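Between the sequences and the hints, there should be enough to build the whole structure, so can you do that?
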Amino acid sequence: MDAQEWKALVETKNIDTIEKLEDAGFSGSDADLATSLFEYGLAWLVGEEETIFVYGISASAEETRFERFDRCTMENDLDVFDEYDWVDFGSVCSFVGWPPGTFRNASFVEKIYALVSYQGHEEIFGSSHWEGFKIKETLRKMKFIF
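The numbering used here applies: residue 9 is where the sequence shown begins, and numbers increase by one.
Calculated from the structure, these hints are not laboratory results.
It is possible that some hints are incorrect.
[Claimed, not checked] Below, a list of computed lysine-lysine pairs in the PhoX-like style, where the Cα atoms sit at most 25 Å apart:
1. Lys144 <-> Lys15
2. Lys15 <-> Lys28
3. Lys142 <-> Lys28
4. Lys21 <-> Lys142
5. Lys144 <-> Lys28
6. Lys144 <-> Lys21
7. Lys15 <-> Lys142
8. Lys119 <-> Lys21
Just so you know, these numbers come straight off a predicted model, no measurement behind them.
In structure tokens, the structure reads:
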């Protein structure tokens with residue numbers, strides 16, 4: 009994927025359905041991308057130099073289901089220990105069920121997921137000062153062969 013295609017991925021029109029996100033290669037903590045986004049509020053696409061994160065910014069009052077999203081791009085070589093030096097990484101490991109010291113050897117995406125799980129989206133990605141965008145759940149056309 010060239011730089012122009014990568015940059016286009018963060019435009020809302022290119023990531024506003026589960027189908028578009030799946031086609032682009034986004035993944036999440038659950039095997040089902042819709043579950044990762046609507047229940048856990050986080051999905052990502054790892055590129056050569058950067059990772060694009062799509063994260064939930066608001067959930068419905070009656071359900072614990074994310075309804076609006078924002079996105080953030082981070083350099084893959086970001087030093088999370090320096091960037092988030094205020095975090096108690098031992099507590100993060102304990103919270104996500106990792107043995108002490110595991111955090112240092114985790115992948116970049118695993119580190120961000122653990123930080124978001126413990127600290128929350130806003131603490132890790134920053135405040136989102138707009139209404140966000142909706143992601144539509146679409147049903148892929150299935151072909152049945154008889």
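Do the hints match the structure? See the list:
For a cut-off of 25 Å, the pair hint linking Lys144 to Lys15 stands: about 21 Å separates their Cα positions. Under the criterion of a C-alpha separation no larger than 25 Å, the hint pairing Lys15 with Lys28 is consistent with the structure, at around 15 Å. Taking the CA atoms of Lys142 and Lys28, the gap is about 13 Å. The hint holds against a cut of 25 Å. For the proposed pair Lys21 and Lys142, the alpha carbon gap of about 10 Å is at most 25 Å, so the pair holds.
For the suggested pair Lys144 and Lys28, the alpha carbons sit about 10 Å apart, so the restraint of at most 25 Å is met. About 11 Å separates the Cα atoms of Lys144 and Lys21, which keeps this hinted pair within 25 Å; it holds. Straight-line distance between C-alpha atoms of Lys15 and Lys142 comes to about 20 Å, which keeps the hinted pair within the 25 Å bound. Our distance criterion of 25 Å between C-alpha atoms is broken by Lys119 and Lys21, whose separation comes to about 28 Å.
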